[in-house]
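**Student:** Each chain, letter by letter, is given below.
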Amino acid sequence: MRLEALEVAFDVICAGSGAEVLADAVEEAWDTCLVGAVEPGAEPDETVTLLLEDDHERLALLAEDSQLFGSDLPTLMDRLSPMITRLAVTSRRDDLVMVHACAVGDPETGAAAVLFGPSGTGKTTLARALCADLAYLSDETAAIVEDDLRVVPYPKPLSIIVSPGDELKEQVSPTRLGLRAAGGTTYRLRALVQLCREPDHEGGVALEQLSVVDALPELVSQTSYTRQMGRPLHRLAALAGRVGGVHRVTYAEAAALRPVVRGLLDEASGSGG
Amino acid sequence: MRARRRAVVDVYVEEGRAAVYSEQGMVVVLSELATLAWTVLGDDWLPADSVSQALVEEFGTPAAEDGALALTEQALRTLAEHALVELEEA
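Protein chains in written order, with my numbering: chain A, 2 to 274; chain B, 363 to 452.
The hints are simulated quantities; they were obtained by calculation from the structure and are not laboratory data. In this text the structure is predicted, and so the values were computed from the model without any measurement. Keep in mind that the hints are not guaranteed to be accurate.
Here are the simulated distance ranges between beta carbons [to be verified]:
#1 43(A) with 401(B): 51 to 57 Å
#2 401(B) with 161(A): 47 to 53 Å
#3 425(B) with 166(A): 57 to 63 Å
#4 119(A) with 432(B): 35 to 41 Å
#5 443(B) with 178(A): 41 to 47 Å
#6 46(A) with 432(B): 57 to 63 Å
#7 376(B) with 50(A): 47 to 53 Å
Beta carbons: idealized from backbone N, C-alpha and C, even for Gly.
This is chain A alone, in the form it adopts within the complex (with noise of 0.2 Å):
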């Protein structure tokens, strides 16, 4: 099956005694991003073998050939998202500014929001939260075109703890779990938005603007390569700079944060941008 990730094609074999519900699996979580007729003759940007194999000799055997190997699927299914965004960011590492972030789009106007913030602020919850109404472009990683603003989507599965005290995450596909998909509009970056979750925040949601200076660190540390993209600081703050700086939100609730997206796009939109 062949899959895109950040515009990049991945070809998925699945192998070995679990090969058939391994492959299942797969094209069910990541139904978004499958690519459902391949041209014959396109070469693939990147080609993963993953192993689902029950018997341990064989397992031994066959696990050199494969990017992943293991005997239990959902620890399969769980390292799969980590390892294809990797090789998608890395592959784009030269023409993307990509940032830790979830991003949705006003599938009407085409503008976009990118929420960044480290792991632990709740970009998966909020992705759920959003994306009844707005598209959903990323829970992970927003890639972003300099030139143009364009926001290339990445509708991955959506890693989600089903039970309490489950060790693993469950891989969801955004179609089960009814988020809006991007279609066929494209999106454009409207509004950089960092994530401050704080549990025990009261009252509503604390929207402000940063100055650009005090938004860099933050902005940095959730960019990807930013040492190899040369004068990073200033490439980040003129990307700010163009969709009227950073806000940060000071939040508790994801829900809560609906009205405020949804408003930062509607400025953005009303005011051309």
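Based on these hints, arrange chain B on the given structure of chain A.
**Tutor:** Relative to the frame of chain A, chain B by itself:
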């Protein structure tokens, strides 16, 4: 004490304050005073006295009990802790 700048990945200044990306991979936001102290330094060693003089010219003489030189040296030590300057104690 004398000081000189260490190499950095990038520096961005806006309204008198700098964000500096150190070779250690950290981005540090400097106060206006620290920004000026860092700006007057170069690749060659500069006595803390000279840095202090530049700061007094810009910000005036500090009211604090510690003199301008002591405060300058303190600022330079903070910059050194963030790997933005190199120090040589007299």
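**Student:** Are the hints correct? Go through all of them and say.
**Tutor:** Here's how the hints hold up against the structure:
Our hint of 51 to 57 Å for residue 43(A) and residue 401(B) holds, since their Cβ atoms are close to 53 Å apart. For the hinted restraint 47 to 53 Å between residue 401(B) and residue 161(A), the CB-CB distance of approximately 49 Å keeps it satisfied. At about 58 Å, the CB distance of residue 425(B) to residue 166(A) agrees with the hint of 57 to 63 Å. Taking the beta carbon of each, residue 119(A) and residue 432(B) are about 37 Å apart, inside 35 to 41 Å as hinted.
For the pair residue 443(B) and residue 178(A), the beta carbons lie near 46 Å from each other, so the given range of 41 to 47 Å is met. For residue 46(A) paired with residue 432(B), a C-beta distance near 59 Å keeps the hint of 57 to 63 Å intact. The supplied range of 47 to 53 Å is met by residue 376(B) and residue 50(A), whose beta-carbon atoms lie about 49 Å from each other.
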